[in-house]
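Asks: Sequence:
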Amino acid sequence: MVDEAALPLTRSWCLFEIAQTVELEKSLQADHHGLVFCTSSGVVNEGHASAEVSLGLAKRLSTLRFQDAGASDPNDHAMIK
112 MVDEAALPLT
122 RSWCLFEIAQ
132 TVELEKSLQA
142 DHHGLVFCTS
152 SGVVNEGHAS
162 AEVSLGLAKR
172 LSTLRFQDAG
182 ASDPNDHAMI
192 K
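Numbered per our numbering, the sequence shown spans residues 112 to 192.
To be clear, the hints were calculated from the coordinates, so they are not data collected in a lab.
Only true hints are included.
No farther apart than 16 Å at their CA atoms in a straight line, the calculated lysine to aspartate or glutamate pairs in the EDC-like style are these:
{"#": "1", "residue 1": "Lys192", "residue 2": "Glu128"}
{"#": "2", "residue 1": "Lys170", "residue 2": "Glu115"}
{"#": "3", "residue 1": "Lys170", "residue 2": "Asp114"}
{"#": "4", "residue 1": "Lys192", "residue 2": "Asp179"}
Simulated DEER-style distance windows between Cβ atoms:
{"#": "5", "residue 1": "Asn186", "residue 2": "Gln131", "range": "18 to 26 Å"}
{"#": "6", "residue 1": "Asp187", "residue 2": "His159", "range": "30 to 38 Å"}
{"#": "7", "residue 1": "Gly158", "residue 2": "Ala116", "range": "15 to 23 Å"}
{"#": "8", "residue 1": "Leu139", "residue 2": "Asp179", "range": "28 to 36 Å"}
{"#": "9", "residue 1": "Ser173", "residue 2": "Trp124", "range": "16 to 24 Å"}
{"#": "10", "residue 1": "Arg176", "residue 2": "Leu146", "range": "15 to 23 Å"}
{"#": "11", "residue 1": "Asn186", "residue 2": "Leu139", "range": "28 to 36 Å"}
{"#": "12", "residue 1": "Asn186", "residue 2": "Glu157", "range": "35 to 43 Å"}
{"#": "13", "residue 1": "Glu157", "residue 2": "Met190", "range": "28 to 36 Å"}
{"#": "14", "residue 1": "Ala162", "residue 2": "Asp184", "range": "34 to 42 Å"}
{"#": "15", "residue 1": "Leu146", "residue 2": "Asp184", "range": "20 to 28 Å"}
{"#": "16", "residue 1": "His159", "residue 2": "Asn186", "range": "35 to 43 Å"}
{"#": "17", "residue 1": "Asp184", "residue 2": "Asn156", "range": "29 to 37 Å"}
{"#": "18", "residue 1": "Glu163", "residue 2": "Asn186", "range": "32 to 40 Å"}
Backbone N, C-alpha and C define an ideal beta-carbon position, used for all residues, glycine too.
Using the sequences provided together with the hints, build the complete structure.
Replies: As structure tokens, then:
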């Protein structure tokens, strides 16, 4: 679940899970729905999110760098890296 700040995309574990999802998409598994961004106003991928959330998500994605991601446990970040 994301809002206009898209803060989950600043977390190492979330970025790791996104990378895993992208890998699954490549395998074209029939039961896999791919990466879906859900918001309180609807699903971004289906065009049912507010403009504020969509623009915030786009801004966050355009500047996304794993090096800048954080983790509550530095060992987690190192392991994911």
